[in-house]
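Protein chains in written order, with the numbering used here: chain A, 1 to 477; chain B, 1 to 293.
If you're looking for bench data, these hints aren't it; they were derived computationally from the structure. Warning: the hint list may mix true and false statements.
Listed below are the simulated SDA-like cross-link pairs for lysine to any residue, each with C-alpha atoms no more than 25 Å apart in a straight line [as the list claims (entries may be wrong)]:
id: 1; chain 1: A; residue 1: 468; chain 2: B; residue 2: 46
id: 2; chain 1: A; residue 1: 321; chain 2: B; residue 2: 124
id: 3; chain 1: A; residue 1: 85; chain 2: B; residue 2: 124
id: 4; chain 1: A; residue 1: 468; chain 2: B; residue 2: 213
id: 5; chain 1: A; residue 1: 82; chain 2: B; residue 2: 266
id: 6; chain 1: A; residue 1: 85; chain 2: B; residue 2: 65
id: 7; chain 1: A; residue 1: 85; chain 2: B; residue 2: 26
id: 8; chain 1: A; residue 1: 82; chain 2: B; residue 2: 49
id: 9; chain 1: A; residue 1: 147; chain 2: B; residue 2: 43
id: 10; chain 1: A; residue 1: 468; chain 2: B; residue 2: 43
id: 11; chain 1: A; residue 1: 468; chain 2: B; residue 2: 119
id: 12; chain 1: A; residue 1: 82; chain 2: B; residue 2: 117
id: 13; chain 1: A; residue 1: 321; chain 2: B; residue 2: 119
id: 14; chain 1: A; residue 1: 327; chain 2: A; residue 2: 210
id: 15; chain 1: A; residue 1: 472; chain 2: B; residue 2: 115
id: 16; chain 1: A; residue 1: 85; chain 2: B; residue 2: 27
id: 17; chain 1: A; residue 1: 207; chain 2: B; residue 2: 141
id: 18; chain 1: A; residue 1: 85; chain 2: B; residue 2: 22
id: 19; chain 1: A; residue 1: 477; chain 2: B; residue 2: 117
id: 20; chain 1: A; residue 1: 472; chain 2: B; residue 2: 252
id: 21; chain 1: A; residue 1: 82; chain 2: B; residue 2: 24
id: 22; chain 1: A; residue 1: 472; chain 2: B; residue 2: 65
id: 23; chain 1: A; residue 1: 477; chain 2: B; residue 2: 26
The chain contents come next:
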Amino acid sequence: MSGLKRMLLGAAVAGLMVGAGPARADFWSDAAKGLEGTTIHGVSESTPPSNYVKDVLAPAFTKATGIKVEFEATSWDQMYDKAIKDMEANTGIYDFVYIEQDIVYSYLSRNFLVDITQSLADKPNLKAPDFDPAMFTTFVNYFKGDKGDIFGVPMEAFIKVYLYRKDLFDDAKAKDAFKAKYGYDLAVAKTHQQYKDNADFFTAWGKENNLELWGSTVQAHTGHPASWYEFFESIAPTFGVYNWGIDASKNYAASVANGGTMNSPESKKALEFWLSLLPDAPPESTASTWDEVAATFAAGRAAQGMVYGENAAWIATNDTKSKVVGKVGVALPPLEPGVLEAAESGKGYIGYYDGGAFGIPHSSKNKDASLLFLEYIAQPSVQADWAVAGSRITHQATYDDPKVVAQDAKTDGYYTLMKNDGRLFAGAPPYPFHAQVREATAPMFYQAITGELSASDALDQMAAAAEKELTKLGYRK
Amino acid sequence: MRPQSVGWLFLAPTLLILAVFGVLPFIYVLVVSFFDWNSFAADPTMRFSGVQNYRDLVFDTGFLMSLWNTLKFGVFAVASEIVLGYFLAQLFMRNFPLKGFFRTIHTLPLMIAPVAVGATWRLMTVPGLGPIPYYLDRWFGYDYLISRYAGQAFLTTVVMDVWHWTPLVTLTLLAALSSMPKEPFEQAQIDGANKLQTFWYVTLPLLKPAILSAVFIRLMDAMRTVDEVWMLTGGGPAAATRYVGLYIWRVVFPKTDYGYGSAMSLITLYLTIVLCWLLYAGLVARRDLRKPE
Numbered sequence: 001m002s003g004l005k006r007m008l009l010g011a012a013v014a015g016l017m018v019g020a021g022p023a024r025a026d027f028w029s030d031a032a033k034g035l036e037g038t039t040i041h042g043v044s045e046s047t048p049p050s051n052y053v054k055d056v057l058a059p060a061f062t063k064a065t066g067i068k069v070e071f072e073a074t075s076w077d078q079m080y081d082k083a084i085k086d087m088e089a090n091t092g093i094y095d096f097v098y099i100e101q102d103i104v105y106s107y108l109s110r111n112f113l114v115d116i117t118q119s120l121a122d123k124p125n126l127k128a129p130d131f132d133p134a135m136f137t138t139f140v141n142y143f144k145g146d147k148g149d150i151f152g153v154p155m156e157a158f159i160k161v162y163l164y165r166k167d168l169f170d171d172a173k174a175k176d177a178f179k180a181k182y183g184y185d186l187a188v189a190k191t192h193q194q195y196k197d198n199a200d201f202f203t204a205w206g207k208e209n210n211l212e213l214w215g216s217t218v219q220a221h222t223g224h225p226a227s228w229y230e231f232f233e234s235i236a237p238t239f240g241v242y243n244w245g246i247d248a249s250k251n252y253a254a255s256v257a258n259g260g261t262m263n264s265p266e267s268k269k270a271l272e273f274w275l276s277l278l279p280d281a282p283p284e285s286t287a288s289t290w291d292e293v294a295a296t297f298a299a300g301r302a303a304q305g306m307v308y309g310e311n312a313a314w315i316a317t318n319d320t321k322s323k324v325v326g327k328v329g330v331a332l333p334p335l336e337p338g339v340l341e342a343a344e345s346g347k348g349y350i351g352y353y354d355g356g357a358f359g360i361p362h363s364s365k366n367k368d369a370s371l372l373f374l375e376y377i378a379q380p381s382v383q384a385d386w387a388v389a390g391s392r393i394t395h396q397a398t399y400d401d402p403k404v405v406a407q408d409a410k411t412d413g414y415y416t417l418m419k420n421d422g423r424l425f426a427g428a429p430p431y432p433f434h435a436q437v438r439e440a441t442a443p444m445f446y447q448a449i450t451g452e453l454s455a456s457d458a459l460d461q462m463a464a465a466a467e468k469e470l471t472k473l474g475y476r477k
Numbered sequence: 001m002r003p004q005s006v007g008w009l010f011l012a013p014t015l016l017i018l019a020v021f022g023v024l025p026f027i028y029v030l031v032v033s034f035f036d037w038n039s040f041a042a043d044p045t046m047r048f049s050g051v052q053n054y055r056d057l058v059f060d061t062g063f064l065m066s067l068w069n070t071l072k073f074g075v076f077a078v079a080s081e082i083v084l085g086y087f088l089a090q091l092f093m094r095n096f097p098l099k100g101f102f103r104t105i106h107t108l109p110l111m112i113a114p115v116a117v118g119a120t121w122r123l124m125t126v127p128g129l130g131p132i133p134y135y136l137d138r139w140f141g142y143d144y145l146i147s148r149y150a151g152q153a154f155l156t157t158v159v160m161d162v163w164h165w166t167p168l169v170t171l172t173l174l175a176a177l178s179s180m181p182k183e184p185f186e187q188a189q190i191d192g193a194n195k196l197q198t199f200w201y202v203t204l205p206l207l208k209p210a211i212l213s214a215v216f217i218r219l220m221d222a223m224r225t226v227d228e229v230w231m232l233t234g235g236g237p238a239a240a241t242r243y244v245g246l247y248i249w250r251v252v253f254p255k256t257d258y259g260y261g262s263a264m265s266l267i268t269l270y271l272t273i274v275l276c277w278l279l280y281a282g283l284v285a286r287r288d289l290r291k292p293e
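My request is simple: use the sequences and hints to build the entire structure.
Written as structure tokens, this is what we have:
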């Protein structure tokens, strides 16, 4: 090929690329033709990732399509209350709703949600060129139906990690004092006994040095389900108790007598361990949900703790909200012997892989506009900034984005931990009776926290209450 | 148009609103209470269960405990509000510097939404961080931890309710005190009655209608309190402040047990009516019966 021909061919290719560019860039305005001026309404829990959608992605979507987005970011309880009532009554107030991983099975069992895969197949003009379900992490599998179709577009995913204060764990005086007291080196806990020793030590250290410092956060609200979740999602699995101790294959048994593990010796040991941390936790712990635990750690009031990963980034990097910027370390939770091996072989898990997706209710009156919005927030191009703002990752490629890599260094490798060890964590079990069993058993759990019931008695009563509720609901025959 | 028809015409909007927002929902709840209906059950349809929901209530220790706690809450809160409200009303009957200012300040809590009241009290009492636990610990060494100790949590909900609603009682009694005739007091003075006798035989009987109105309104309010307590304690610690409104909310909303929750709601309504009737019978009707023919 002569040089002139090459130049002409190159010019033609360049021309084609330039010509094709605007057509692709204009997908959103083209697809939204006829939908301009439509307002879609959404509801979600007020979390850093949701707030990013509200403040950044929704306005950008409106600019690109002319479709307005009214987005409510409210409390966890209110979000469920509003979404479920709307979908049950078929009122169509919300065009997209937040589906937390643990509620998706309830929603699917009630056929609340639109099949996104099918909808895009039916309306190819709404299919964004860069929307590809294969780009998501495996977290998307939680939002698939029996046939593999997607019912929710993942918008946040994170693991509940063990955060610790690097500055305290590296303090030479603290190290010497710890070794003198316990006979071994102060370190990030690998076992529960080590975690407890660390907690005891730093509580005493705080008192001795007149610091507002305690040994551990504990998400132990005595009237809010957050405490129940901390135990069953983040503590019990580290003792080898999975799926809330309920075995679906054994007629949804919860009690040991019937084949469940809710009141097994391992479960009781787990609860005793968790309750033993209360004296080492700041006073606000018994009034703390997931938000307050993050705030406690960010305020520098705890040396270590289990914190939802959505808060890891801001705790570690945002000095307008956090007093421990640059002092945060992340690690896997402490485990009982054999639990890690079980997780690695796929027979168990070591903690909670939390997150959620946005789905479209059947009751929505603006399904097409909502579909476009969900595709918009799933674009690869918006993922990195969103990940930095909300420590969430739903696309595999986001891990390698330079912005995320830079943030990873500031968060002591939180994203790397999630990328490499996320497979050891798991979401909630696929039960459609999530809130029902929780509400039936939570009262006894709260009594265990206040000391009205021992760990053993509480779990025995909880197992019985869970089975009674499951029988009433018709799952347990 | 006949005068009677005109009367009904004027009443029609109110009756319509009452029917749509009062009678129809009541009938719906009544019907649902005879069904087993949970939208997340294996069978999410409504299944007739007769009086099973009502039978279960009798053995539901959580519900019975919440009723008992609600009753205690109502009695402590309303009694405190009446006593405090009376003294404040008497205070505002007198002249003192900045009386208008203090009367306005005192009335402000009434204008605050219950959710905001709950949030404010939560901020003031949050263990370890709120000013109340902080200063109680610093000044008196008192361990005030409402998320741990049931008695403290209960007392705090009562104090919060008293703070929020005493101004209503004060205003009610102030209006009654302002409109009292002078003659009975002058007559009592002439007859040589002391202050206590004047209060017992003159003031109290004249104030009784206002006191009863305040008691009925506040008692019914206390029996259905939800939002303030939800914000402050979430019903905890454990079940210490899980008053019946909160208990029903948990059964109907997160648990989606609509049939059982409906039965609870109706029983609670019935008990509230019975309580008010007993109060009325004890304080008003009994004396009316003793009146000579």
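Hint check:
The suggested pairing of residue 468 of chain A with residue 46 of chain B holds, with an alpha-carbon distance near 19 Å, which does not exceed 25 Å. Note on residue 321 of chain A and residue 124 of chain B: the hinted pairing holds, with a Cα-Cα distance of about 21 Å set against a maximum of 25 Å. For the proposed pair residue 85 of chain A and residue 124 of chain B, the alpha carbon gap of about 33 Å is over 25 Å, so the pair is violated. Using a Cα cut-off of 25 Å, the hinted pair residue 468 of chain A and residue 213 of chain B is violated, with the two alpha carbons roughly 44 Å apart.
At most 25 Å may separate the alpha-carbon atoms for a hinted pair to count; residue 82 of chain A and residue 266 of chain B meet this at roughly 24 Å. At roughly 28 Å between alpha-carbon atoms, residue 85 of chain A and residue 65 of chain B are farther apart than 25 Å, so this suggested pair is violated. Between residue 85 of chain A and residue 26 of chain B, the direct Cα distance comes to roughly 19 Å. Compliance with the 25 Å bound is thereby established for this hinted pair. Distance restraint check for residue 82 of chain A and residue 49 of chain B: the Cα-Cα separation of roughly 28 Å exceeds the 25 Å cut-off, and the hinted pair is therefore not satisfied.
Restraint check for residue 147 of chain A and residue 43 of chain B: satisfied, since their Cα atoms lie roughly 23 Å apart, inside the 25 Å limit. With a C-alpha separation of about 16 Å, the suggested pairing of residue 468 of chain A with residue 43 of chain B holds against the 25 Å cut-off. Distance restraint check for residue 468 of chain A and residue 119 of chain B: the Cα-Cα separation of roughly 35 Å exceeds the 25 Å cut-off, and the hinted pair is therefore not satisfied. Among the hinted pairs, residue 82 of chain A with residue 117 of chain B is consistent with the structure: their alpha-carbon atoms are about 23 Å apart, no more than 25 Å.
A hinted pair counts as satisfied when its Cα atoms are at most 25 Å apart, and residue 321 of chain A with residue 119 of chain B qualifies at roughly 21 Å. Simply put, residue 327 of chain A and residue 210 of chain A have alpha-carbon atoms about 20 Å apart, close enough for the 25 Å limit, and the pair holds. The hinted pair formed by residue 472 of chain A and residue 115 of chain B fails the criterion: a straight-line CA distance of about 34 Å is larger than 25 Å. With a C-alpha separation of about 20 Å, the suggested pairing of residue 85 of chain A with residue 27 of chain B holds against the 25 Å cut-off.
Between residue 207 of chain A and residue 141 of chain B, the direct Cα distance comes to roughly 16 Å. Compliance with the 25 Å bound is thereby established for this hinted pair. Pair hint residue 85 of chain A plus residue 22 of chain B holds up; C-alpha atoms about 20 Å apart against a cutoff of 25 Å. Between residue 477 of chain A and residue 117 of chain B the alpha-carbon distance is near 46 Å, which puts this suggested pair outside the 25 Å criterion. Restraint check for residue 472 of chain A and residue 252 of chain B: the C-alpha separation of about 15 Å stays at or below 25 Å, so the hint holds.
A hinted pair counts as satisfied when its Cα atoms are at most 25 Å apart, and residue 82 of chain A with residue 24 of chain B qualifies at roughly 23 Å. Between the alpha carbons of residue 472 of chain A and residue 65 of chain B the distance comes to roughly 22 Å, so the proposed pair stays at or under 25 Å and holds. Restraint check for residue 477 of chain A and residue 26 of chain B: the C-alpha separation of about 34 Å exceeds 25 Å, so the hint is violated.
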